[in-house]
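Asker: Chain order of the listed sequences is P and G.
Mind the numbering: the first sequence is residues 4 to 245 in our numbering, read in order.
Mind the numbering: the second sequence is residues 4 to 245 in our numbering, read in order.
Watch out, some of these pointers could steer you wrong.
All copies of an identical chain are treated as equivalent in the list; a pair is satisfied when it fits inside any one copy or across any two copies.
In the DSS-like style, the derived pairs of lysine-lysine whose C-alpha atoms are separated by at most 27 angstroms in a straight line are [unchecked claim]:
1) K215 / K182
2) K215 / K12
3) K143 / K206
4) K172 / K206
5) K239 / K206
6) K10 / K215
7) K70 / K103
8) K54 / K197
9) K204 / K172
10) K120 / K103
11) K103 / K215
12) K215 / K54
13) K155 / K123
Quick caveat, the hints were computed from the structure, so don't treat them as lab data.
A quick note: this is a predicted structure, and the numbers were derived from the prediction, not measured.
Protein chains: 2
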Amino acid sequence: MTVVQQKPKIEVCFSPLQFHLFDSKDSIVVVVDILRATTVITTMFHNGVHKVIPVQTIENALEYKKKGYLVVAERDGEKLEFADFGNSPYYFTSDIVKGKELVYSTTNGTNAITMGKNSKQVIIGSFMNLTRVSEYLKTKTANVLILCAGWKDRFNLEDTLFAGALSEKLINSGLFITKCDSANASMDLWNIAKNDLTNYKEKIAHRHRLKKLGLDDVIDYCFTIDSTEVLPYFDKGTLKML
Amino acid sequence: MTVVQQKPKIEVCFSPLQFHLFDSKDSIVVVVDILRATTVITTMFHNGVHKVIPVQTIENALEYKKKGYLVVAERDGEKLEFADFGNSPYYFTSDIVKGKELVYSTTNGTNAITMGKNSKQVIIGSFMNLTRVSEYLKTKTANVLILCAGWKDRFNLEDTLFAGALSEKLINSGLFITKCDSANASMDLWNIAKNDLTNYKEKIAHRHRLKKLGLDDVIDYCFTIDSTEVLPYFDKGTLKML
């Protein structure tokens, strides 16, 4: 008798509010917050950080600060006063982070990272490590759930484009299937955007929020594809490198 | 002094779970559930129904049945046993519905309709009355919030395509603006789909759910554009015709 092995499936969750609707227990969750949490985290590990502790509340971040930790914290794009750093990837050069332990709290990203704690595994995706993430997933025979951090629980374009880029790579490998409307929509949007990212980025609402704050110098950086091979993952409350 | 009037804005909400994130109080809410609630409702009014009472729970639908109402009720695509009709638009011919009062309960659509009750107005959108909805909205100077009923609180493609088609008409009129990522994504997806709807429809997950139940004979009907001029709206617990 021939046993037909079902290929693992790809699903995309557009908002943390919808995460409970998906079967995350049997999936590797790829958390994505292109502007800017997962891009920043990828940068930190690229530049040699030892580990990063994501915390959800401002109070929690402040407690760590009092204990002497280096704290990165922002809300609505802006650095919190007590924090050592805001949320631009440019701060986290190797001389700042190498070998260090950082505490990290942002508007959307850190909440999304901790949501996946009961899944098979939580890994961090950004355009910076797109191919690394996809190559890693191809070595596993596990379902993939791409969790877009979004903007305050709303859909956003930048995380969706990443979800589309990653889904496309996985589908094209022939190792995965999808019957998920959000995955199909993401791939279609990525197909529109990928050949003219410079113009497409203009549509992104959060780009304009960051611009108002004078923080939009990071946009091109956040859309640079495959600039690193690092793959951060989340385990027992801490981000480390695979 | 010249007062610059801000044009009304378009927003798209991809899931009832996210509805509270939007400012619905100052918006006309267009509820859409292409497969099949809002297509069915548009059909009922096209064929002369007097009014339709949407109810959310099975218990509530059963109570109306005991009082002698004609009840349309389905869950997960299938007609409930006690109901007079399932959820195919083909049932609601003029000889069945003309002048009647129907009670209506479905998996996703009826919940979405009742959510908007504190907004400026709730109207019913489907491909059947696309141009009628857009012409109506152009006569108002109100924000527009397109609420996709989705599938069990998840994103779905068919409601998104309608949101894109309607947003495009409104934006092209020059009377509206949007800074909403979901509205922009919807328009891009509609632009991919509109010139080859026959093939694009194959991607839709709910199409395959209906096919398994032998209920997919309605798909082409649900994607037929501008087959009627009726515009149902929801007020004080009841759907009527504008």
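Asker: Taking the hints in turn, state whether each one holds.
Answerer: Going down the list of hints, with the structure as the test:
no.	hint	in the structure
1	K215 / K182	between (39 angstroms within a copy, 14 angstroms between copies)
2	K215 / K12	between (39 angstroms within a copy, 20 angstroms between copies)
3	K143 / K206	between (35 angstroms within a copy, 26 angstroms between copies)
4	K172 / K206	both (24 angstroms within a copy, 18 angstroms between copies)
5	K239 / K206	neither (37 angstroms within a copy, 38 angstroms between copies)
6	K10 / K215	between (45 angstroms within a copy, 21 angstroms between copies)
7	K70 / K103	within (15 angstroms within a copy, 70 angstroms between copies)
8	K54 / K197	neither (32 angstroms within a copy, 48 angstroms between copies)
9	K204 / K172	both (21 angstroms within a copy, 23 angstroms between copies)
10	K120 / K103	within (23 angstroms within a copy, 53 angstroms between copies)
11	K103 / K215	neither (32 angstroms within a copy, 55 angstroms between copies)
12	K215 / K54	neither (32 angstroms within a copy, 49 angstroms between copies)
13	K155 / K123	both (25 angstroms within a copy, 24 angstroms between copies)
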